[in-house]
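> Sequence:
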Amino acid sequence: MRNNDEADLLPIKAVQAWVDSKGHLYPTKEAALYVEIERLLGHVGTGESLAPGIARVLVEKRDRLMPLLKAFGAASEVIEAIPLAQATE
Numbered sequence: 001m002r003n004n005d006e007a008d009l010l011p012i013k014a015v016q017a018w019v020d021s022k023g024h025l026y027p028t029k030e031a032a033l034y035v036e037i038e039r040l041l042g043h044v045g046t047g048e049s050l051a052p053g054i055a056r057v058l059v060e061k062r063d064r065l066m067p068l069l070k071a072f073g074a075a076s077e078v079i080e081a082i083p084l085a086q087a088t089e
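The sequence shown lines up with residues 1 to 89 when you count with full-length UniProt numbering.
Among these hints, one or two may not hold up.
Lysine-lysine pairs mimicking DSSO-like chemistry, simulated, CA-CA at most 27 angstroms apart [unchecked claim]:
1) K22 with K61
2) K13 with K29
3) K70 with K29
4) K29 with K61
To be clear, the hints were calculated from the coordinates, so they are not data collected in a lab.
Please model the complete structure; the sequences and the hints are all you need to start from.
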């Protein structure tokens with residue numbers, strides 16, 4: 001049986017981590033969320049994807065975005081569309 005002194009010498013320790021939908025571990029919930037949003041967006045742009053940056057902006061501005069998205073969802077259910085020509089008259 002080991003005493004506490006021996007346990008303190010082990011080069012391993014328990015940590016808190018966050019898991020994404022594919023089972024990958026991340027040190028913060030934000031990091032895991034960024035990856036989930038990046039997957040949802042897919043590759044954005046030509047060359048290196050813009051998805052990582054877009055994901056971070058979406059998370060950072062979520063307090064301003066969520067009311068807009070909620071209003072959009074509610075409005076799309078009750079507003080009747082009119083032809084564009086009528087809207088610009």
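> Is K70 within 27 angstroms of K29, Cα to Cα?
23 angstroms, holds
> Can you confirm whether the C-alpha distance between K29 and K61 stays at or below 27 angstroms?
16 angstroms, holds
> Could you grab the alpha-carbon distance between K22 and K61 and see if it respects the 27 angstroms cut-off?
25 angstroms, holds
> Under the criterion that the straight-line Cα-Cα distance not exceed 27 angstroms, is the pair K13, K29 satisfied?
20 angstroms, holds
Checked against the numbered hints listed earlier, the structure breaks none of them; every hint is satisfied.
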